[in-house]
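Visitor: Here the protein sequences come in this chain order: A and B. The opening position of the first sequence corresponds to residue 1 in the numbering used here, with each subsequent residue numbered one higher. The opening position of the second sequence corresponds to residue 1 in the numbering used here, with each subsequent residue numbered one higher.
Watch out, some of these pointers could steer you wrong.
Only part of the chain B face toward chain A is listed, based on derived beta-carbon distances under 7 Å [what the hints assert, rightly or not]: (1) P8; (2) E18; (3) I213.
Treat the hints as calculated values from the structure; they're not laboratory data. Computed from a predicted model, the values in this text were never measured in an experiment. Cβ coordinates follow ideal geometry from the N, Cα and C atoms, glycine included.
Residues per chain are reported as follows:
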Amino acid sequence: MRTALPKRIDGGNLAVETRGLTKRFGDQVALNDVSLQVPDGAVYLLVGPNGAGKSTTLKVLLDLVRTDQGTAEVFGLNCRDRAPEVRANIGYVPERPDWGYGWMHVGRLLKHQALYYPTWDVDYAARLAQKFELRMDRKMGVLSKGQARRVHLTMALAHRPSLLLLDEPTDGLDPLMRDETLGVIADHLADSPTTVMLSTHHVEEVERLADHIGVLRNGALRAQMSRADLDAGLRRYRVEVPEQWPGAPSLNGAVLRRVTSAREVQWTVWGEEADVIQKLTAAGGTVREVVPLSLLDATLALLNPND
Amino acid sequence: MTSTQLHPTPDTRVVAAEQFRAVGLAVRTEAYFYIGALLAIAILVFASTIRMMHVHPSSNVNNGFVYGAGGAVPIFAMALLIPFGVWRSEDPSRRSYHWTMPVARGPHTIIKFLCGWAWVMIATVVYLVFVGILAAGLSLITGAPDRVAAGPGWEWVAAFTATTIGYLLTSVAVIGSDHAWRWIGGLFIAFWVLVGVSSSFGLPDMSLALQSIWNGAYGLKTALFGLEYRRGWTMGSWPVAMPLWIIGSAIAVAIVSYRHRE
């Protein structure tokens with residue numbers, strides 16, 4: 001039976017590949033031997049608590065942060081040695097809202113951005129600006145977090161990059177604009193062949209977009225897999241158990257989350273469903289229900305420290 | 001590997017032209033202040049000259065002034081401030097936008113630095129033209145001969161080299177540090193404290209060595225304006241000191257520009 005969480009995605013062309021990324025900021029380990037594989041065309045959701053290393057990973061791809069060990073490649077290009085070419089293919093929405101020139105008007109900043117990206121699509125930029133209700137005559141420095149985020153999204157999407165790095169793209173947006181923004185990203189993906197690496201705390205919002213997931217905790221990669229593998233391998237089992245039930249030792253290592261109430265337990269277990277049911281039954285339990293998890297619940301289970 | 005078609009990087013000339021325009025926009029505030037100050041000076045000089053001519057019609061109000069190297073002090077002071085405009089709201093900890101552009105980081109920083117320098121040179125030309133117009137205007141009003149260009153040519157060149165040195169020195173701090181003012185102020189204070197302490201504690205050699213950084217044969221003051229004497233300026237070792245300071249500070253700018261900040 002499979003008990004170890006998968007940490008490698010095999011097969012197909014890779015848009016992003018990192019090998020053993022390790023980065024320390026003083027005593028703090030930001031990344032610890034992180035090896036990611038992001039398939040070409042995937043929407044890869046990078047999840048983890050604050051300080052898990054999500055933003056640092058994205059910054060390594062842009063050569064904003066240089067690792068102590070390990071290498072990163074985007075479309076086969078080394079992110080450090082061929083950084084300008086890598087960045088020419090990336091649309092980036094950073095976490096911080098003060099990105100860009102605070103003293104510049106929105107319209108002028110978009111023009112500035114356009115000159116740096118030969119593939120800038122003027123009509124598309126205009127459509128995005130209209131959709132996001134951007135006010136071209138306002139200075140970047142006076143925009144709210146949500147308004148700045150919409151400008152950043154326009155800057156990231158309008159040159160139709162091959163790779164989108166979105167670091168909390170809906171942070172600061174009101175619910176309506178969040179929905180609108182995710183719709184724009186979905187339309188963009190339908191329209192342009194793009195690989196997306198997405199970091200967000202609002203996992204439930206991107207459930208319909210993400211087809212791969214990578215889980216970081218304390219700078220280390222805990223798991224990465226496709227959504228299909230996640231959906232097939234992670235289930236919640238509601239089990240009726242006898243009093244003084246000793247548990248199911250044969251499932252040690254596969255149980256990610258345990259909730260116990262009286263004579264019933266709910267275990268979130270990684271493994272093939274038939275195997276898990278057989279082991280639970282052999283241990284004296286009666287499986288009453290097997291429930292597939294939402295992306296948010298799966299994420300919470302994968303982040304659970306009870307491993 | 002991937003089958004994705006890769007996008008091209010921008011043409012360096014396009015980047016340079018855009019940076020020139022963007023830096024021009026960034027230093028607009030300084031430019032307005034500078035033009036306003038020049039106009040105020042012109043109005044003050046003309047008004048006081050006209051008034052003096054009315055109050056003392058028989059006096060020799062103005063025999064026409066000769067431009068000297070020290071005349072570059074105002075534009076030099078301006079050049080010291082320009083890097084703060086060029087890198088407005090872009091100290092290293094907030095420079096990630098500049099660094100995420102599809103251009104190599106070191107050369108990109110140098111391009112922006114050079115665009116700022118080009119604007120400093122334009123401002124210097126404007127300043128010297130202003131000095132020429134001021135002299136011509138005074139000559140017209142007073143009837144005295146226009147002698148502004150009577151001095152040696154190197155003193156006009158010194159306006160460009162002094163502003164270049166000033167721009168370079170401040171750029172080192174602004175490009176390299178989040179706390180440029182602290183570095184500039186700290187170094188200035190530390191320098192003069194050391195000079196004072198070495199004099200007070202009977203260390204004349206150390207005091208002289210320190211002071212020579214400012215006003216020695218190859219000191220900063222000499223590199224900027226030549227040697228000062230009682231009635232004006234003389235070239236002294238300016239032809240050597242000036243390139244030495246330019247090369248030294250240019251190397252420092254290159255080092256901070258190519259350093260990888262995170």
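Visitor: Now, for every hint given, state plainly whether the structure supports it.
Guide: Checked hints:
| no. | hint | result |
| --- | --- | --- |
| 1 | P8 | 5 Å, holds |
| 2 | E18 | 4 Å, holds |
| 3 | I213 | 35 Å, violated |
Violated hint: 3 only; the structure is consistent with all others.
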